Structure formats: C-alpha cells, structure tokens
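Q: What follows is each chain in one-letter form.
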Amino acid sequence: MSWLIAFFDWLVEFFGDPARWSGPDGIPARLLEHLEFSALALALAVLIAVPLGLLIGHTGRGEVVVVVSANLARALPTLGLLVMFVLLLGAASVWPVIIPLVLLAVPPILVNTFEGIKGVDPELRDAAYGMGLRGGQVLGRVLVPVALPLILLGCRLSAIQVVATTTVAAYTGLGGLGRFIIDGFATKDYARVVGGSVLIVLFALVVQILFALAQRVTVSPGVSRRLKVR
Amino acid sequence: MITFDAVTKRYPDGTVAVDGLSLEAPTGEITVFVGPSGCGKTTSLRMINRMIDATEGQILLDGVPVQGIDPPTLRRGIGYVIQQAGLFPHRRIVDNVATVPYLLGWDRRKARARAMELLERVGLDSALARRYPFQLSGGQQQRVGVARALAADPPVLLMDEPFSAVDPVVRTSLQDELLRLQAELNKTIVFVTHDIDEAIKLGDRVAVLRVGGRLAQLADPKTLLSDPADDFVREFLGRDRGIRRLQFVSTAGLRLRTDLTVEEGFGGGTAEPWALVVSADGAPVGWVADARPDVLEPFGTFVHGRDSMRSALDAALLSPSGCAVGVDENGKVVGVATREALDEALAEAADG
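Line order of the protein sequences matches chains E and Z. Heads up, the final residue of the first sequence is numbered 230 in UniProt numbering, and it's a clean run with no missing numbers. Heads up, the final residue of the second sequence is numbered 352 in UniProt numbering, and it's a clean run with no missing numbers.
This is chain E alone, in the form it adopts within the complex (with noise of 0.2 Å):
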C-alpha cells in the first residue's frame, strides 16, 4: 500500500502548497487556459461541424464528406498533427495549437449530427411533410429535437477528447493543465505530476456532468422517454 500511501502525500503536497494557488503557474491561472483552449476549440468545431451535419443528412447529400471526417479521425496522429502546426505557423499565438484541436472535435459531432438526421424514423419525416411544414420547418421543428441526443452525444465526446488533447498542447509550449505534467516529469517533481493529471481527470468528469445536465435541459421527455409511462 505504500504507493497508495506515496500519491496521497504527493496530492498534499500539490494541492497543499500556498504558493500553486497564484501566478501565472498557479492551479487557477493554468485551470482557466486550459477551459480557455478547450473552449474556443470546441465553440468552432461545433459552428463547422453542427450545421454541416444537419445540411448532409437533411439532404442526403455530400455524405462522401461524412465518412471522409470519420475515417481521417481515426488516422491522424494528434501529437504529429499538434506538431506540424506549430512548426508551420510557429508557437507565437494559439492557433496552432487550436486548428489541430478543431479537426479533431469536427468529426465526432459531424458523424452523430449526420447520423442523427438520417435515422429518424422516415414516417415521422414522411408526416411532417404530409402536414404542410416545409423543409427547414422539418429540419429545425421535428429533425433537430429527435436527434437532438446524438448530436449532443457528438459534442461530449469531441469535449472529452479536446480536453484530453489540450494536455498534449503543453508539449508546444502552451499553458493549460498538461504544463504540471510535463514540467513535473522535466523537474522530476512528481507531485505535480499526480496533482496535474488529478486536475484533468476532476475536469473531465465535470464536462461530462455538465453535458448530462444540458441533455435534461434540451432533450424533451418525450424522445429520451424520461417519464414512466402512464
């Protein structure tokens, strides 16, 4: 159990120390870049990938770009991908490391939006054109909201891997959560190691609890069957 023993003592040492709870070093200022990163690559893949879905399933048209994404995502070396921006457009601003964080999160929400719109039931489509709504009608008032669980699904999950990745960032240089980790491995100071990955577990898990709240925000009860029935 000493290990056990060892990491508990490491965490106090983190979390203990006065002195990680300010500066541009400290738990606050590294936790907000890494919310900041995070955030604004996951705002643009949403703004892409969100209307690109619902356009290709609603029309059925341009899935070649679907399944492009899908099987690109699966290829591409993040760390590579992170590292070839960086020497492409240099470590003077955050793009380089956001652009790669965008391709990243744009498939999954692309591939859920898509697959989203295509699988509702085709009678339901079948009725709402039967009643008179015209096609964005369709979309926006009876696609959206019946998909609305798959295409938040997309969301967490891209969320969850930006998160992940903006750990990997550090690697260029950048602030974020992932500097404790590697400075701490540089420094051989290992109770940063274990307070920073502590760090981005605890924030990965409040993402998640934050995305479970907007799906019961947004979903309506009757299409994730919530109420008990009669």
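Treat the hints loosely; a few may be bogus.
[What the hints assert, rightly or not] A few chain E residues that face chain Z, going by a derived Cβ cut-off under 7 Å, partial list only:
no., residue
1, E123
2, L124
3, A127
4, G130
5, M131
6, R134
7, P145
8, V146
9, P149
10, L152
11, L153
12, R156
13, S220
14, G222
[As the list claims (entries may be wrong)] Coverage of chain Z stretches by chain E, computed from C-beta distances (three or more under 8 Å per stretch; other residues unrestricted):
no., stretch
15, 91-100
16, 133-139
Keep in mind the hints are simulated off the structure, nothing from the lab. Predicted model only: the values in this text are computed from it and were never measured. Think of the CB as a built atom: it goes at the ideal place given N, C-alpha and C, for glycine as much as any other residue.
Keeping the supplied structure of chain E fixed, place chain Z upon it in accordance with the hints.
A: Positioned in the frame of chain E, the structure of chain Z alone reads:
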C-alpha cells in the same frame, strides 16, 4: 370532389406505379382504394397532396389542378393520416394535434382549445393531452393521428392504411369511430387499405386497383360483391361473397311473428315446436322446446330494421330453434323471424 384525370406515375427506371387512372372521389363520401401490394394505391393517394407528383394527367381538387398549388400550402388544407400515426415524439399530444393550426398561424390558445375539442371528438380522455406519444397505446396514437388531421378542419382527408398496424379489436373500434365521425363531419375521404373487408365496411365507393396501377372496378360495396367486374376482382373479394353481401340487405322488410312469445313460468302447451320466453320488461330469456318446457335454450338477436340480414341469419344459426329474435334499439323483443321468413328474405336478396 377529387378528380383523377388519366393520371400516370412512371418512375425514371421505367416502373409504372399508376397507369392512366381516372376516377372521382365525391364530396362528403368515403372513397376506398384497395388492392394487392404494388397496385399503386398509396402512390395514387400521395399524388393528391403532392407527396408524389404525377408524371402525366392531372388531379383536380374541386376543379383546381393540385399541380398549380405550392405543396406545403396544399397539404395544410388536406388532412393526412398514416399507418404508424407519425406523431412527433418530442411534443405533447395537445401540441401534436395543434400542428397544422400552429403552421397556419393560429393564436396558441385558440389552437390548443381546438386540439382539446378534437381529442374529445375522437374519443380520447383530456388527461392524455399532456402526455407524450410514447406514453400512449397504438390505438390511442392512431386516434391522435386522426385528430391531428382534422385540426384545421380541412374538407379533404387522406388516410393511408391508418388502421393496419393495430390489433383486430382496436381496428374494429377505430373503424366504427371513423364512420361515426364521418356521419357528423361529412368530409371527402380517400382511404387506402389492402384489406377488402375494411374497404367494404368503410367505403361509400370502392376502387379496386390491380398490380401495375390500373383500375379494375369502381363501385359501391354492394355492387362490388354482387357484380364483380372480372376474375381479378372476384378473386380479390375472396370467399363468402354471397354471405358478406347480406350485410347490405336490410332487415326492415323481414317478416316477424309475434305469436311465438310466452311469459316466464310458461309450462308448455302451445301448438308450435318452439316458444320464446320473454321477461316482464320485454327482454328475451331463451327458447323452450315444446317437448321440454323446463330447459332454456340459447337465442340470438338482431335489431330489426337497423341490423343487416347477415346479422339476422347469424342470430338464427346461434339457436337450436333456427329462429332469430328481432329486438328494438332497447333490446326489447319485437318479434321472431322464423326459418320461413328468413328463407323468403334470402330468396328476395338473391334475386337482387
């Protein structure tokens, strides 16, 4: 009135779904399209509200070609009911019913009030209004589907196999409900089914279509049964055509005898082999044979003048006496139809 004028639907691959269809669906009547799979009945229906566009010919709504009307506008003026109801799962029942009124820009409160009125009209408890579709049974969902189609009070209703996904008991009650509603509303209804019995029960006129989308016969159900146009129609109508035709023969002219009834406590001793025991309030109790006056035998009843000859014959076959008991709307005995009387009426029916 809906008019099909030489309407053909041909797909790019050359398949002909509907071939030169010409017919009229008169205002205020139920016209049923019936036929086997691939006869183009659903395609024909969907061309009316332009879910599918005709390749040749035209469809007129009260003389106006539907091709000239913008599809969403056209559809908002035509009720549409489909097989699985197609309710919007994310909306409460009341909002599902109010779909078209919302589209037409009705005030929200007015649209909801109208929806509540319709739910009641199709026989649904107002407590269901706040539920979501998944919380309803298939039969209830189908009623909501009908209510939704009626919400903006369209003159025309298109029904595409609306009752084929529910069990037979529910289907029968939905059919009865539709006939009851139609008696009140007098909509112009086009109803698609593959079930000939449903077609005969519901249709004022029945169009039998054959594979390849050609009209085999258009007639009222009685004519269809007595006078099928060809072998295809005859085969499609199936067995028991003669018996089924009896459901269109009224019992109003059926001769009843009133001298075969006795009161309870009867001890035997009429000249007839059978006598019907009737309670003090006029309800039938059972048949007694002259030989065994203490044993009550089963009986069958029909409402004289309202029920068909088919029901009367069925009632006669339910009893060892071979006679059918005629009752009024309240279940009181009005007389007995003997075998002789049934025989006469059947002979008349067979003559046409």
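Q: Which earlier hints can't be squared with this structure?
A: 9, 10, 11, 12
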